[in-house]
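Enquirer: Spelled out from the first residue to the last, the chains are:
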Amino acid sequence: MNCDWTRENLVLYIYEELADDAKFEFERHMQHCLACRQELESARTFKDQMAALPVQEISPNFLASNRMELQEALEHAEQARSGWGMFVFDFAGWMHQLKLAPALTAALLIIGFAGGVTTTYGLISRPDVPPPVGKGQQPSVADIAGIESVDRQTNSNRVTIKYDTLSPQTLEASADDPRVQQLLLLAARNTRNSDVRLDSIDILGKQPEDNAVREALVYALRYDRNPGVRLKALDGLKGYVKDDVHVRDAVLEALMHDTNVGVRAEAIGLLDQVKADSSVRDTLRVLAERDQNKFIRSESKRYLASTPNLD
Amino acid sequence: MPAGTAVLEPAVGANSTRRNSQSPGAMVSQALSRVNDSELIRAAQRGDRSAFEVLVRQYDQAVLRLALHLTGSEADARDIYQEAFLKAYRHISNFRFECSFYTWIYRIVTNLCLDHLRKRQTRKEDPQTVVDSSGRELDVLERVSDDRAGANPERDLMRRELGAKIAQALTRLTPRERMVFELKHYQGLRLRTIGEMLNTTEETAKNTLFRATQKLRGALAPMR
Chain Z
1 MNCDWTRENL
11 VLYIYEELAD
21 DAKFEFERHM
31 QHCLACRQEL
41 ESARTFKDQM
51 AALPVQEISP
61 NFLASNRMEL
71 QEALEHAEQA
81 RSGWGMFVFD
91 FAGWMHQLKL
101 APALTAALLI
111 IGFAGGVTTT
121 YGLISRPDVP
131 PPVGKGQQPS
141 VADIAGIESV
151 DRQTNSNRVT
161 IKYDTLSPQT
171 LEASADDPRV
181 QQLLLLAARN
191 TRNSDVRLDS
201 IDILGKQPED
211 NAVREALVYA
221 LRYDRNPGVR
231 LKALDGLKGY
241 VKDDVHVRDA
251 VLEALMHDTN
261 VGVRAEAIGL
271 LDQVKADSSV
281 RDTLRVLAER
291 DQNKFIRSES
301 KRYLASTPNL
311 D
Chain C
1001 MPAGTAVLEP
1011 AVGANSTRRN
1021 SQSPGAMVSQ
1031 ALSRVNDSEL
1041 IRAAQRGDRS
1051 AFEVLVRQYD
1061 QAVLRLALHL
1071 TGSEADARDI
1081 YQEAFLKAYR
1091 HISNFRFECS
1101 FYTWIYRIVT
1111 NLCLDHLRKR
1121 QTRKEDPQTV
1131 VDSSGRELDV
1141 LERVSDDRAG
1151 ANPERDLMRR
1161 ELGAKIAQAL
1171 TRLTPRERMV
1181 FELKHYQGLR
1191 LRTIGEMLNT
1201 TEETAKNTLF
1211 RATQKLRGAL
1221 APMR
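Top line first, the protein sequences correspond to chains Z and C.
Residues in the first sequence are numbered consecutively from 1, following my numbering.
Residues in the second sequence are numbered consecutively from 1001, following my numbering.
Each hint should be verified, as a subset may be incorrect.
[As the list claims (entries may be wrong)] In silico DSSO-like cross-links for lysine-lysine, where the CA-CA straight-line distance does not exceed 30 Å:
| hint | chain 1 | residue 1 | chain 2 | residue 2 |
| --- | --- | --- | --- | --- |
| 1 | Z | LYS162 | Z | LYS242 |
| 2 | Z | LYS47 | Z | LYS23 |
| 3 | Z | LYS238 | Z | LYS294 |
| 4 | Z | LYS23 | Z | LYS238 |
| 5 | C | LYS1165 | C | LYS1215 |
| 6 | C | LYS1215 | Z | LYS301 |
| 7 | Z | LYS242 | Z | LYS275 |
| 8 | Z | LYS275 | Z | LYS238 |
| 9 | Z | LYS47 | C | LYS1119 |
| 10 | C | LYS1087 | Z | LYS47 |
| 11 | Z | LYS23 | C | LYS1215 |
| 12 | C | LYS1165 | C | LYS1119 |
[Unchecked claim] Partner residues aside, some chain Z positions facing chain C, computed with beta carbon under 10 Å:
| hint | residue |
| --- | --- |
| 13 | LEU12 |
| 14 | PRO54 |
| 15 | SER65 |
| 16 | ASP249 |
No lab work stands behind these hints, which were simulated from the structure alone.
Glycine included, each C-beta is placed from N, C-alpha and C at the ideal position.
Use the sequences and the hints to build the structure in full.
Expert: If you want it as C-alpha cells, here you go:
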C-alpha cells in the first residue's frame, strides 16, 4: 500500500469504516511512514475539533410542544389510499395541487391542447389502425384487468398465462421472460383467485435471486390469506434466510405470528441454518418457554440446546 | 442488508460517534425492536393512529435533533418534524418492510432537510443567524458553550470562536455533502445506511464524505 492509497482512506479509517483487511494494511503502512502518520494526526485533530459544535440535546418543552402539534395534525390527517383506492381520481387533491402550482397548470393545459390536436390529426390521417393487442406483446400493467390462470408445462420451461385486458389474452413464453415475470409478480398479489397466487409463487420461488421476486415472496409470506401460498413463499425464500436479514425477519415473524401451524413448523425448520444468530435465539427462547404448540416448543428447545449460548 | 456482514444499523438517537462493534445485548434489543416495529407498522397500516404515535415516539427525538442541528432554527426543525411524520403517516401503507422503519423515516427527513438546505443556499441566508422558537435571533456563538468544570473564560471564548468557524465552514458544503457529513460525524450512522437513506451507493457516500472532510479541513486549517 502506498501513501496515496493511505491518504484516500484516511477519512474512512478515522470514522471506522475501513474493512478489517484494509485497516490492517493501513496500520502497517503507518508504522513506517512518518508523513502519513502526521497526516493521520492532523485528521484526528480535525475530528476532535468538530466537537466544538456539538449536537444539542432537545429540551423536553420543545419536544413536548412538537408532539402535541403533531398529535393535533394527525387527528385531521388521512392515510393515503392503497390498493385500488390509489387508482380512484382525487379531484379535490388535484385541484389543490393546481392551485399551488400555476406553472404546472399552464403546462398541463398546453400539453392537453397539443395532445388533443395531435390525436385529432392522427385519427383523420390514419383511418384504419389495428388495435395494439396481440399474442406475445409486452402487456402494460394498466391494461391488465386480472390474471385468470397460470400453467407451467411439464418438463419444460414454458409458462402459459391467461389474463384479461378488454378481452382475454394469453401469453406463452419462457418462465424467465420479462413479460412472464411481470405478469407473475402481478398474479402473486391477485386478490381474487388463490390458485393463481399459488401457481405464481411456485414459479417465482424458483428464481428468488431477483430482488422484485424476493420482495413478492416476502409479501406473500407476510400477507397472503392462503396458508398454501405462504408455504410456497417460505419454500422459495429458504436459500436466503442466512444472507438476507429481511427474509430472516419475515421468517421469524411467520414463526411467531402465523395462524397456521404448518407454516410455523416450516418456518422453524428454515431457522436451523441461523440458529446461532442472537435475534433467532432470543425468539427461540420465548417460544421454548411459552408457545402453545408442543412441536414448536420442543423444536425451539432442541435448537437452543444444539448451539452454545454466546450471549 | 445481508446478515452475513454482521453489521447491524445503529440505534437512532444515540450520541454522536459510535463504534462498529456492538455488544450482544444491543444486537438482541435491536432485533427485538425490529420485530416490535413490524407489529406497530402493520397496526398503523390498518389505520391505528395510536400505534403510529408509539412509532413516532421511538424516533422523534433523533429526527428533531438532526433537523435542529442541520437548520440551526427551531422553527425550521419544527416544520421538518411535522412534515416528515405527517408524510410518513399518510404514506405508511407504501412501507413494504424492504428496509428498517428508521431508514425509511430518515429517508423522508433527509429529503426534507436537503430541500431546506437547497432553498437556503439559493436564498444565500446568513449562516451566523440562528433563530429560536420565539423568533429571537441568536448568534451562533451562543450555541457553543463549554460547561466543563474548570473551564476558563479565555479557553471558552476560543472554543466559541471555533464553533462559529465550524458552523460557517459547514454552510460552504453542498447540501448533499453537508447531509452525509452530518449523518456520519454527528449521527454516527454507517456509510451503507447513509447510502440507503440518500438513495445512493455506499461508494458514493464514501466519496461525498471524503470531499466534505477535505473542504472542512481546508476551511479550519488556519484555526489549528
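Enquirer: Against which earlier hints does the structure fall short, listed by number upward?
Expert: Hints 1, 4, 6 and 10 not satisfied by this model.
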